[in-house]
Amino acid sequence: MASKTIASLILSLISGCQALNTTGNNIHRHEAELPVLCAVFLTPDCPIANAMAPSLRRIGEFAQASNKKMLLIYPRQGLTSKEIEHHVKAYGLVGQPILDPEHRWVKALNARVTPEAFVFTQADDGVQVIYQGRVNDLFRGVGNRQEQARNHEFRDAIERVNSGDYMPRSGPAAVGCTIEP
Amino acid sequence: MYHRAVIEPPPPTFEDVRNLLSQNCVICHVEKGPAPFELTQVEDYRKRSSFIGSLIQEDRMPPHLSQKDRWTDLEKSLVLQWLQAISSNDQHKSVPIPDPPKFRSDQTFVTPKGFTIPSEGGERWHQGDRDIRTFRLAPRVEKTLRVQAWRFESTAQREVESVALVHDDGTVARYGDLQEPETPGYEMTGDMGLRPAGFLGVLGIGNPTFRIPTGYHFEIPESHEIDFELRFRPSGLARAFSATLDAELVPQDHLSRALQLVPLSIRSWRANAGESGTIHRIWKSPISMDVPLLSVRAGRRVKDVTLKVDDRVVFQIHDWDPHWQQTWETTNLRVAKNAKLEAIFTVDNSDQNPRNPETPPKDIQFGRRTGALGVWLHAAACEPDETSSLQILRRQMFTALQTDGVMSPEQTTPGQSVLPN
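So the protein sequences, as listed, match chains A and P. If you number the first sequence the way our numbering does, the last residue is 521 and the count never jumps. If you number the second sequence the way our numbering does, the last residue is 868 and the count never jumps.
Here are the simulated lysine-lysine pairs, DSS-like style, with alpha carbons at most 30 Å apart:
id : chain 1 : residue 1 : chain 2 : residue 2
1  : A       : Lys447    : A       : Lys422
2  : P       : Lys479    : A       : Lys429
3  : A       : Lys422    : P       : Lys540
4  : P       : Lys479    : A       : Lys422
5  : A       : Lys429    : P       : Lys560
6  : P       : Lys787    : P       : Lys750
For the record, the hints were derived by calculation from the structure and aren't laboratory data.
Take the sequences, apply the hints, and build the full model.
Okay, structure coming up:
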């Protein structure tokens, strides 16, 4: 979980984050202004993250419907905004894409894999991470795929925040593609 | 005094690993291949080097299709060392793409159009292990075919996990329609042991082009149709599915033996929550036979699959993963008359088994008319006049299977031979 200094670091990242300069229809100018509800780390070709895209899309739509936003953070060096735009569009993701080639987000949040999920609340002294972990249990391990996800920890954490429960909790560790140093 | 120099072997170069990568990675990680991205450039490895390193260390990639496909420790350490320090001189080099296997298409069968592989898995009535769908291919076979090789191609290479092929006189494949009216059926091999139908092998991620060793073939009788059971894994994108199955036939004047199915199956088994152990099927072969190929049916609670002949291990898969099904080639297995065959399934219904779908584990029981577990031999009698015995044998083995009790781990059935005198 993020400590206080990290909390303000995240706040500065969040307030500083610019919407990608993109023509994708998912991203509108006003979205950059919306409060951040949650984030997920992604790489366009990670099969584990992509298999969960339908779940992520629903979460992004939920955030949007409640006038908040999901950040889609792409930590791979060398990715272009065009490639990201293409990925977001192909999988119908809803949220604000962010390029993180210098791993500022990766370090602030201590993310390890894609997809790794985070849920935030805005506190007086910064932003608090109230959930860090897997999206769901579709994959129990790399190469260990279930038919369907049965536990949806990311979604549940968002529902908790929504119902006013701000108790920070880590979920089971995210399974996915290693974020390269 | 001599100065003792420490001789460090130089780190491996790209030239040291390129053939390994070409034969064992690029073969799937190539445009239109079954894998999710290409690994045809050194850069493709560099940008994923720690991830790839961890998968190689854990024996995840290259996938363990059978024991002999796994990398040795030496091969692993060579590639791992190379990954750790990819030279900047190599960054723009490419890994050679292996030639596609030789294949001559003598006849093509096609699936009906109209099915879309969904973007994510759904609930199924049969609580089956995989997302499954069956297809009936067109056209029907006009005259008896002797198939030497298959080639399967589809619009969903990345979603397709395997296709299990059968031929059928048009009645068997309908089993299951009632339970799932919107699909063409689920368990098309339902009565295959008893009706005029037959198993034609499994094409998986590792063998979309599959050659039956020379001298053997799969035989499809006149007027039969070919059906397959497709297992797929949704990739996050909905994908319209259509496929072609090409057959290369044995030239007319060539001698070749038809492969018959000899199923070493367990019809039904159960295990308590937390229970693990082995389940055996022992059978004495009443004739001598050659077994160039075999297929496996097993689910997520199975850890290891082993075939022994006269107590010698002739085939084994550790850490069985139902995602990587296919028909495997044996190393020229010949089974003598009266040899003892033993299929061994090591099952694990505890939470030690990472693939166990139930956490915490539950009591389970599985049953299937053709066998919930099976090592299926594709066999040809050594004596030509015993070919029909094999057909009778298959039918009898399936009939006997229907009266089998429910087996539990550690239990062994007594060896028996069911060939009539």
